[in-house]
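Going down the list, the protein sequences come from chains A and B. For the first sequence, the numbering used here begins at 558 and goes up steadily by one. For the second sequence, the numbering used here begins at 221 and goes up steadily by one.
Hints may contain errors.
Label pairs and their in silico Cβ distance ranges [unchecked claim]: (1) B:P272 x A:P584: 47 to 55 angstroms; (2) A:P711 x B:P259: 55 to 63 angstroms; (3) B:A256 x A:A571: 53 to 61 angstroms; (4) A:S715 x B:A252: 38 to 46 angstroms.
Derived by calculation from the structure, the hints in this document are not laboratory data. These numbers were taken from a predicted model, which means no experiment stands behind them. Glycine included, each C-beta is placed from N, C-alpha and C at the ideal position.
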Amino acid sequence: MIRHLIALLLGIVAGAAAFLALLYFNPFTSQNNLSPLSVGSNEVMNLTFSPVASDSLVYTNNGETRIKPHPEKVLQLWEASVRRTAAAATVLYDSRGGMAGVGVKFSSDSEATRLMNGEAMVESVWHIYLPGRGTLFVEQNENYWSYLREIVIPAYWSSVDSWKGNWHGTITAGPGVLGLGRVVGGSGEFADFESSVTESITARAYSVAHGPVAADSNLTIELPLRVGQEVVAED
Amino acid sequence: MIKTFIFGLVLGIAGAAVAVAYVPVVDQHREASIIAVTPNGGNSETFHINIPMDRIMVGSPARRQPLPVGLQWPVDDGLANLRSELFKVRNQRDAVIGVASRMASKDDVAGEVLEWVLHFPARGSMYISMQSNAGEGGHRVGRIRTGSGEFEGYQGSLTERWVADTSGSEDAPAGRIELVSRFVGAGEEL
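All chains should be built: construct the whole structure from the sequences, respecting the hints.
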């Protein structure tokens, strides 16, 4: 009887492990790392920033995760409604490395997360100010499954509790068609403008203790066609 | 015994599949919304921000004491007129229900800009452009440009005003920023 019970328990553990391994190695849940905007013909604007918390102006969360708030004495989001939310203010750079402006990003874990489908979802919005140009609002659904699978989990498995390499991925997964995010202009040259956006991460190092250590992120915003730039349909 | 092991294996696979499929990974806490119906058929919701308790960040080159302590605001001519603030947002029961970004700036291209982004986890976000000048009674009115989640497809306005604390209580805030949103569905008139 005891031997049968042990065999049953071993079977359950092996079955659960086999299922989780299948989930982890499932090739059908890989994300496309190529942004649809990078192959389009429209002009795009690239804004880069560091997703590393200590590189931001301000980063705050509930204070209990491995990514610590920055600066140390910033007010933390410990209340029940916001404890799965992070807020960050960061400097944005243009494609030549010059300062382009300041962005504020709010990210909340999404109840649309479905690990079965390879969806580790985060709902985020950006509030962006680009001096001399105007302001923008960006809305995105982000999927961190590939990032978790290829960086975070290997870092936990590593004997030195870290990951090093070169990983690039697009995290934007909606709400628009082709998995694009939505951008709405507020003022200046962006007033009444509506377009699409993607956000990508290029990671080089990740630590279990501190989260991302060396990484760059990029917001690619599709700019609308200007007058005289319109494509005329051929007969 | 092999049969028992195989039965356990199938049970383990099925159990893990059911757990992954049906046990929610994320279950956001929700405060019940306090929404009032307005006479024109729209609805209204009031939020507030206790000052200074709910202020997370004040980014401004003009500020001598940075908030939070240790903030290194970039020194750049382009940001000379920008004041960027982050707050926690409360409902009428004084419970924190979200976070907000307020940006005020003035430059040659965009003119005077004053905007809010309100973000409520599990509900959605609003993007609002405010009038730069306050009206009677210190009210400033803005237009909800767009929203996400439950605020998607709604049109409406947001009113902002400063309400100083008059309670005299020692641990009372200095005052609060009161935000009143008024929505109607797309295509309806406010």
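Evaluation of the provided hints:
The hint said 47 to 55 angstroms for the Cβ distance between P272 of chain B and P584 of chain A, and at roughly 52 angstroms that hint holds. Between P711 of chain A and P259 of chain B the beta carbons are some 59 angstroms apart, a value that agrees with the proposed interval 55 to 63 angstroms. A C-beta distance of roughly 57 angstroms is found between A256 of chain B and A571 of chain A, which places it inside the suggested range of 53 to 61 angstroms. Between S715 of chain A and A252 of chain B the beta carbons are some 45 angstroms apart, a value that agrees with the proposed interval 38 to 46 angstroms.
Every hint, counting from the list given before, is met by this structure.
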